[in-house]
Every structure is written in C-alpha cells, then in structure tokens.
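Position chain B against the provided structure of chain A, taking the given hints into account.
Here's the letter readout for the chains.
Number of protein chains: 2
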Amino acid sequence: MHRTITGFSNPTVKFLRSLREKKHRKQEKRFLAEGLRLLTDARESGRLPEMLAMATKREAHPLLDALIADVTAAGGEVLEMDEEILTKVTGKDNPQAVAGVFAEFDTGLENLDRSKAPIWLVAQALRDPGNLGTMLRTGDAVGAGGLILIDDCADPFSVEAVRASMGAVFTQSIAQARWEDFIGWLRAGDGQLVAASLRDSTDYRTAPYASPCFLMVGNESRGLPAEYEDACDLRVTMPMLGRADSLNAAVAGAVLAYEALAHLRWKP
Amino acid sequence: MHRTITGFSNPTVKFLRSLREKKHRKQEKRFLAEGLRLLTDARESGRLPEMLAMATKREAHPLLDALIADVTAAGGEVLEMDEEILTKVTGKDNPQAVAGVFAEFDTGLENLDRSKAPIWLVAQALRDPGNLGTMLRTGDAVGAGGLILIDDCADPFSVEAVRASMGAVFTQSIAQARWEDFIGWLRAGDGQLVAASLRDSTDYRTAPYASPCFLMVGNESRGLPAEYEDACDLRVTMPMLGRADSLNAAVAGAVLAYEALAHLRWKP
Chain A
4 MHRTITGFSN PTVKFLRSLR EKKHRKQEKR FLAEGLRLLT DARESGRLPE MLAMATKREA
64 HPLLDALIAD VTAAGGEVLE MDEEILTKVT GKDNPQAVAG VFAEFDTGLE NLDRSKAPIW
124 LVAQALRDPG NLGTMLRTGD AVGAGGLILI DDCADPFSVE AVRASMGAVF TQSIAQARWE
184 DFIGWLRAGD GQLVAASLRD STDYRTAPYA SPCFLMVGNE SRGLPAEYED ACDLRVTMPM
244 LGRADSLNAA VAGAVLAYEA LAHLRWKP
Chain B
4 MHRTITGFSN PTVKFLRSLR EKKHRKQEKR FLAEGLRLLT DARESGRLPE MLAMATKREA
64 HPLLDALIAD VTAAGGEVLE MDEEILTKVT GKDNPQAVAG VFAEFDTGLE NLDRSKAPIW
124 LVAQALRDPG NLGTMLRTGD AVGAGGLILI DDCADPFSVE AVRASMGAVF TQSIAQARWE
184 DFIGWLRAGD GQLVAASLRD STDYRTAPYA SPCFLMVGNE SRGLPAEYED ACDLRVTMPM
244 LGRADSLNAA VAGAVLAYEA LAHLRWKP
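Chains A and B are the protein sequences, given in the same order. Count along the first sequence starting at 1, add 3, and that's the number in our numbering. Count along the second sequence starting at 1, add 3, and that's the number in our numbering.
Honestly, the hints are just simulated from the structure, not real lab data. Hints may contain errors.
Same chains, same label: a pair holds when it works inside one copy or across any pair of copies.
Taking lysine-lysine and the DSS-like style, the derived pairs with C-alpha atoms no more than 25 Å apart in a straight line are [what the hints assert, rightly or not]:
#  : residue 1 : residue 2
1  : K60       : K119
2  : K26       : K95
3  : K91       : K60
4  : K95       : K25
5  : K29       : K91
6  : K17       : K95
7  : K119      : K32
8  : K91       : K26
9  : K119      : K25
10 : K29       : K119
11 : K95       : K29
12 : K119      : K95
13 : K60       : K26
14 : K32       : K60
15 : K26       : K119
16 : K32       : K17
17 : K17       : K60
18 : K25       : K91
19 : K119      : K17
Treat the numbers as computed from the prediction; the structure is a model and nothing was measured.
For reference, chain A alone in the conformation it holds in the complex:
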C-alpha cells in the first residue's frame, strides 16, 4: 500500500521517530534501519520492512524499485513524505534517505542450533552499540552461528548498532539472556566457552579450540566478572606489548574469532 504523509504531526511520523528510542522500540517490538544498501542487505537476507519511508521526490533506483515491489507484495506500506518530514524521521539531512521499520527478533537460546556453526560470539554487558554492531559484522564474516548477549548489553536494534553491523543484524541470530540462563543452556549440550583473560591462560595461538566454540568478551571498562572467567573451559591470552592491558572489546572478539576459525574451519 502506498500512502503520502503531509504533516509533521501525523501519527505514523511520530511512530517512526519514536523508534529512535529504546523504550519505544521495546514497546513496539519494532526497529528502524536506514539506507538503501542496508535495506537491500535485509531484503536479500529474506527480511522485509513492514513500512518503508522515503521522500516524495526521491530519485528512482533499481534496488529501491525492487524493495518497493517486495514490500508491497508482502502487504507492507510504502510511505512518501516531504523531505523535511523525512529529515525528522531519519535525523539526517539527506533527501535520498530511505528508512524501513522491521519487527524485532530474538531467537531465544532454546531456538539456537549450536551444531550449525563452529563459532558463536558472546558479549557480556557490552555497552557501546557500535561495538555490538561491529561484533555482528565480524560474526557474519567468520560464519558464526550468532551473537548471544549476556546481562545488560546495548540494544542490538538501535540505529547505531544496526548501522555498524552493515547488514549482519539481518543475517546473524541474536539471543539475549541472563548469565544463569546462558550457562545452564550451554552446559546442557556440547560447547566450549572461551574468554580472553590475563590469568591461568593459554597462548591464544596454540589453544585447543573445540567446536562449537563460544567466544566471550566482556564489558568495555570492567571486562568479564571473575566468576564468568572461572566458568570458562579455556582462558586464552593475547600479546599485550604496550602500556595497556586490554584491546577494544570488538577488536578482541575479532582477533579471537579469526584465530578460532583458523583452527576449526577444516575440522568437522
């Protein structure tokens, strides 16, 4: 369905704008993704927006035509509006902007098939949405099964996280869980829990990674709680040759993930 929106006070405009805030995303169970490239990534991953918002006078583009056709065929809405109204929705002064509203998804631990991938990423109390999106992007690159978010993490459906994920938010499974639930689920089946740590640890290059391997990184300032480290099957250490004793969380996760991939890729 096509619809043209003409006023700032239109309830749909208010709804779209409200999705920039976590509180409203959680209430509505919906999130915004912006940009033709990101929306095309979503479409090609089998995820279509329920609503598509763009400027009335936006230039045509074959990828946009394809998106409009698919959204319409799936019963979604295509909303056209003045550039000024679109700017209010996207927060960007870009008349070529396109935004889509998607239903949130949380796979839930119980629906994860741990045998489907050798690597899984786990983030604990990760607070920066850019780091979270970057971990999703890395997970896509290493063929991870998904990202499990432990305790109080940034919202994977925030505009910043979605943008940093470069589309991986649509391809990676995402499950959110408390630590107790996660560790209970993990121990009910196969799975090696691995964390970078400074104590009792093995060189990350020669460590005995085993599939399915769950690579866990902690909060940006505090790292992992000691009891979470204790619960790991393997603690690995990376060289830290300078003054600092830690890497950026998303970087640490990626260095570990690529190392584990090199060990596990050709193994069953």
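Same frame as chain A, but now just chain B:
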C-alpha cells in the same frame, strides 16, 4: 600556577571549549584529553598537559595529586572552576571530570625510525575517529612503531579519537602524510607494504610477512584506491564466510596486525 575561574565568559573557558572543534585545534596546535585515567596514562608516558581543568570542589585522589604536582613543577597551569563551567568545557555533566590541554605532535615521516619496530600501522582516509583511536590502541598492544595517516583522515586529536585510543595517543608515534610522500619515504628504505585485498592475494595466515611490516587499511566505505593496492608488496586475504565482503576497518587492521605479530615477533 593555580588559578580559579569564575565566569563562563572567561577567555580561558572559551579557549578550552574551542578545542572541541578541529579548526581551533589546528589553529592552536593543542588538544583536549579528558579523564583522570587518560591523563595519568599521559603522565606515565612522559606527556604532561600545559593546563589542567577541574571543579573547585572535586574530591582529592592520589593520582590527581601526582598530576597536579607534575603539571605545576613543569610550569603548567592548574585551573579550578565551578561545576557548571566545567560542564561547558567537557560537555559532560560529571563534577569529577578532569581535562588537560596538550600540545599536538606530528612526528613527521622523516623522524620515524622504521627499524625500531617490526609492525607499523597505516590508515588511508579513515573517517571515523573511534576507528582511528582504536587503531592507536591496537598499535600499542602489538608493539607497533606508530600510526601513519594517509590522505584525509579523521583528526587523531579529536576528543573521540583520544578517548578510543585509551592513552595510546600518548605512546604511539603519529605521522600524517600525503600518499606520494609516504610511498616515496617508504621506498627510500626497508619496508614491506601490506594490505588486505580481494584480488591477487595470499592467505593472510601463510603470507610471507617481513619486518618492518607496514599494514595498511583503507577508508570505511570505499576501501583502498586500486593504485594503492597495486603499490603493495603483499596483498593478503582473510576469510569472509558471510554475506559481507569486508570487516570494520579497525577490526581488519587488528586481525592483520596480530597475525603479522605472530609471524614476526621472534624474528630479528
């Protein structure tokens, strides 16, 4: 020297605030770093602020006392001000905030001693200050000689980059150069130029890294220009098993840097 500032319109307050903008940083050749931890990292790396700003009623702290003593001994200024004024300077509503003004430094290619480290990081047109700061932090961790910024990069002295560097902005050499100057300098001595690339490339795990190894990453959206890739001694490829064909720039640099480190660390 201690000084108490009482008005918002004080020229020093205006000066401090102005350093949040690149234009003023370049004019003044000064930058701001915030937080007691970061300022302590600077002090322990032998870099002292010329000015130190804090709230009049800030709680005492041994690390702050040490900083004040060193700044004073070095002839710097310690500025105390109302919390409201400090908030204007730091942009943060935190009465415990401390900010320091540092002289910018650009080592200049001609002053880099390429034999001092096996790994150097090179960023080309990197636009995100968080990515830039993260690369500095990674450089510190892998014992890199420094970060060379090619073409139009984000400002390494922006508040965001300084914060993301976690102190590495004070320990890593930073040189800014145009491509032509960089490649001329590089070819005038030893040095292997390496980039991640999708064409004519070698598996990054088995590639013949050689010291001093210059690891180059490109712009966040466009990657490296083809002619820059052509000029590399080695093009390496990392597995990309998902939908996307690239990693976050700072992540790609870190995965490469840790790989090269594993190859070069125990070699002369």
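Verification of the supplied hints:
Within a single copy, K60 and K119 get their C-alpha atoms no closer than 45 Å, and across copies no closer than 57 Å, so neither meets the 25 Å cut-off. Taking identical chains as interchangeable, the C-alpha atoms of K26 and K95 lie at most 25 Å apart whether they share a chain (21 Å) or sit on different chains (23 Å). Within a single copy, K91 and K60 get their C-alpha atoms as close as 16 Å, which meets the 25 Å cut-off; across copies the closest is 41 Å, which misses it. Proximity of K95 and K25 under a CA criterion of 25 Å is satisfied in both settings, with 19 Å inside one chain copy and 22 Å between copies.
In this assembly of identical chains, the alpha carbons of K29 and K91 lie at most 25 Å apart only when taken from the same copy (21 Å versus 33 Å across copies). In the homo-oligomer, the alpha carbons of K17 and K95 lie at most 25 Å apart inside one protomer (16 Å), although the nearest pairing across protomers, at 29 Å, exceeds that limit. Taking the shortest alpha-carbon separations for K119 and K32, neither the intra-copy value of 27 Å nor the inter-copy value of 54 Å comes in at or below 25 Å. Taking the shortest alpha-carbon separations for K91 and K26, only the intra-copy value of 19 Å comes in at or below 25 Å, while the best inter-copy value is 29 Å.
Within a single copy, K119 and K25 get their C-alpha atoms no closer than 31 Å, and across copies no closer than 48 Å, so neither meets the 25 Å cut-off. When the C-alpha separation of K29 and K119 is checked against a cutoff of 25 Å, the pair qualifies neither within a copy, at 29 Å, nor between copies, at 52 Å. Taking the shortest alpha-carbon separations for K95 and K29, only the intra-copy value of 23 Å comes in at or below 25 Å, while the best inter-copy value is 27 Å. Taking identical chains as interchangeable, the C-alpha atoms of K119 and K95 are never at most 25 Å apart, the minima being 39 Å within one chain and 45 Å between chains.
Neither within a single protomer nor between protomers do K60 and K26 lie at most 25 Å apart by alpha-carbon distance, with minima of 32 Å and 36 Å respectively. For the identical chains of this complex, K32 and K60 are neighbours neither inside a copy (30 Å) nor across copies (45 Å), given an alpha-carbon limit of 25 Å. Taking the shortest Cα distances, K26 and K119 never come within 25 Å of each other, neither inside one copy (33 Å) nor across copies (52 Å). Taking identical chains as interchangeable, the C-alpha atoms of K32 and K17 lie at most 25 Å apart only when both belong to the same chain, with a minimum of 16 Å there against 45 Å between chains.
For a Cα distance limit of 25 Å, the shortest separation of K17 from K60 inside one copy, 21 Å, qualifies, whereas the shortest one across copies, 43 Å, does not. For a Cα distance limit of 25 Å, the shortest separation of K25 from K91 inside one copy, 17 Å, qualifies, whereas the shortest one across copies, 27 Å, does not. When the C-alpha separation of K119 and K17 is checked against a cutoff of 25 Å, the pair qualifies neither within a copy, at 41 Å, nor between copies, at 58 Å.
Going through the hint list in order, the structure does not satisfy hints 1, 7, 9, 10, 12, 13, 14, 15 and 19.
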